[in-house]
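Asks: Taking the hints into account, I'd like the entire structure generated from these sequences.
So the sequence lines, in the order shown, correspond to chains Z and S. Per our numbering, the very first residue in the first sequence carries number 1; after that it's consecutive. Per our numbering, the very first residue in the second sequence carries number 1001; after that it's consecutive.
What the hints contain is simulated information worked out from the structure, not anything from laboratory work. You may find that some hints are simply not true.
Said to hold, decoys possible - Sample of chain Z residues facing chain S (criterion: CB under 10 angstroms; computed from the structure):
1. Ser35
2. Val45
3. Cys84
4. Ala87
5. Ala165
6. Ala167
Claimed, not checked - Residues on chain Z that point at chain S, a partial pick, calculated with CB under 8 angstroms:
7. His39
8. Gln40
9. Glu47
10. Met48
11. Tyr54
12. Asn78
13. Thr111
14. Cys112
15. Asp116
16. Pro117
17. Ser118
18. Glu154
19. Thr161
Unchecked claim - The list that follows gives simulated cross-link-like pairs (lysine-lysine, DSSO-like), each with its CA atoms no further than 27 angstroms apart:
20. S:Lys1091 to Z:Lys230
21. S:Lys1217 to Z:Lys50
22. Z:Lys37 to S:Lys1217
23. S:Lys1091 to Z:Lys197
24. S:Lys1126 to S:Lys1069
25. S:Lys1069 to Z:Lys50
Note that beta-carbon positions come from the ideal geometry of N, C-alpha and C, so glycine has one too.
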Amino acid sequence: MKIPEQIKRLGAVLGAVIAVVLLLRLVILPADMFSAKPHQAAKVVREMAKPPHYAGMTRCRECHADIYETKYAGHHRNIGCENCHGAAAEHAAAPASTKPPLPTEREFCYTCHAFDPSRPNGFPQISPTEHNPGKKCIRCHDPHDPVPPVTPSECSACHGTIVQAKAASSHATVECTTCHQVAEQHFVDPHSALPTKPRDREFCGQCHGKDATEVAAPKVDMTSHGSAYKCWDCHYPHAPEMKR
Amino acid sequence: MNKRDFLKGAALAIPAAGLLQTLTRVAEGEDLSTAATMTGDYDATQHWYGMGVDIDKCIGCNRCVEACKTENNVPQEPFFFRTWIERYTIKADGEVTVACVSTQPARGEETPPVDPDVLRTFFVPKLCNQCANPPCVQVCPVGATFQSVDGVVLVDETRCIGCRYCIQACPYGARYLNPETHTADKCTFCYHRITKGLQPACVEVCPTQARIFGDFKDEASRLERFERMNQISVLKPDMNTRPKVRYAHLDGEVR
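Replies: Printed below as a string of structure tokens:
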């Protein structure tokens, strides 16, 4: 069968069009017109090329090994040098021309050590208005080796609110340890060993029960007085007179 | 040159330039179909980065926020953050207040007094959660936001059109529109630092080690130990974003 001349010509034109389109799509037009992947790969390279501003504690150690060792032995061991001295990549690259800042003012130490109720228990904090106001912290404390905080001997060091409430109540003479057993570890790392708490009505009954020997304590009949509840559902043990 | 010559030249030059560009790339051995996994000595396929945050250790000093702004040239105005600290205050009547902690010296004035009605109060550091299943990447209409091979969500600022869709889509509010470039911006885990073996700036300056940076593909990394030793939560697990920022000792009230 003979293919008509016009079909052959149309076929040739169609073939040429297809070839041009394929050439455009596969070779001439850059791949990033059809996919974001090349752009993203370029972005990753650009991002990696950015220069760091913070050099890192190990970089500081290369020159200031003596200070690093002092700091490492003390309570500030985990604090990076650049926490206080600011970003130091520039200084590390050219030690003579740029010096990192040396914060000496009292307000700088407040950043971490001013009292804030949201800070975790046991973190060393001071009241800026009461703790030697006007004096620079560095006069007494070496920031590279701060004096270890004295382990608090009084519960009031951390639990001031409770101790104050108790002192004004009829439980003023009751020691904290009468009701709470406190492990030695609690003074070192408060969260790792929490003090015990009374668990049942009978504990309060040792003083407040009808047959208890404690003279000064008001007595109740433990079997009839609110027997469905724990004592502390109604009475706040640190200040029994206070309304719950 | 007359108009005819100019048009003839242009008709040839444009495809020729494209062809030349393609040939150059092929000659350099660049893989055009996939994202690069090797850059210099750095092999991205060997890493899957994450961060651990211990709420019990955060003292809310905001040094991480300041370091982040310095390291990444984030505008200093107080409404642009790649990472920020929230103060949670939970009262006896169940009222929860959340406030973003300011940097010094404004910080000193806003510290609340001791309030007997407060049940508990604590700080929560927030940052981009670098989700394994990131909603921001799904919604980007131009493919400017993407997840790198090592699991960090990045924004290509040359591609971003500033439509803010990703800012809306992020359940953690971790993105902002950079007022200088008018493109979306966010935490990159300090990608330029971690690929050089450094810690992100916020981790580098954290004084209490409340932030732990690590690699989920490295069995010996500190992050793996952090995950083993603590009870781990993530923010908004119900969103199925699979965050790679893991929290320890997270209070149930934290959103």
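Asks: Which of the stated hints cannot be reconciled with the structure, identified by number in ascending sequence?
Replies: Hints 6, 18 contradicted; others consistent.
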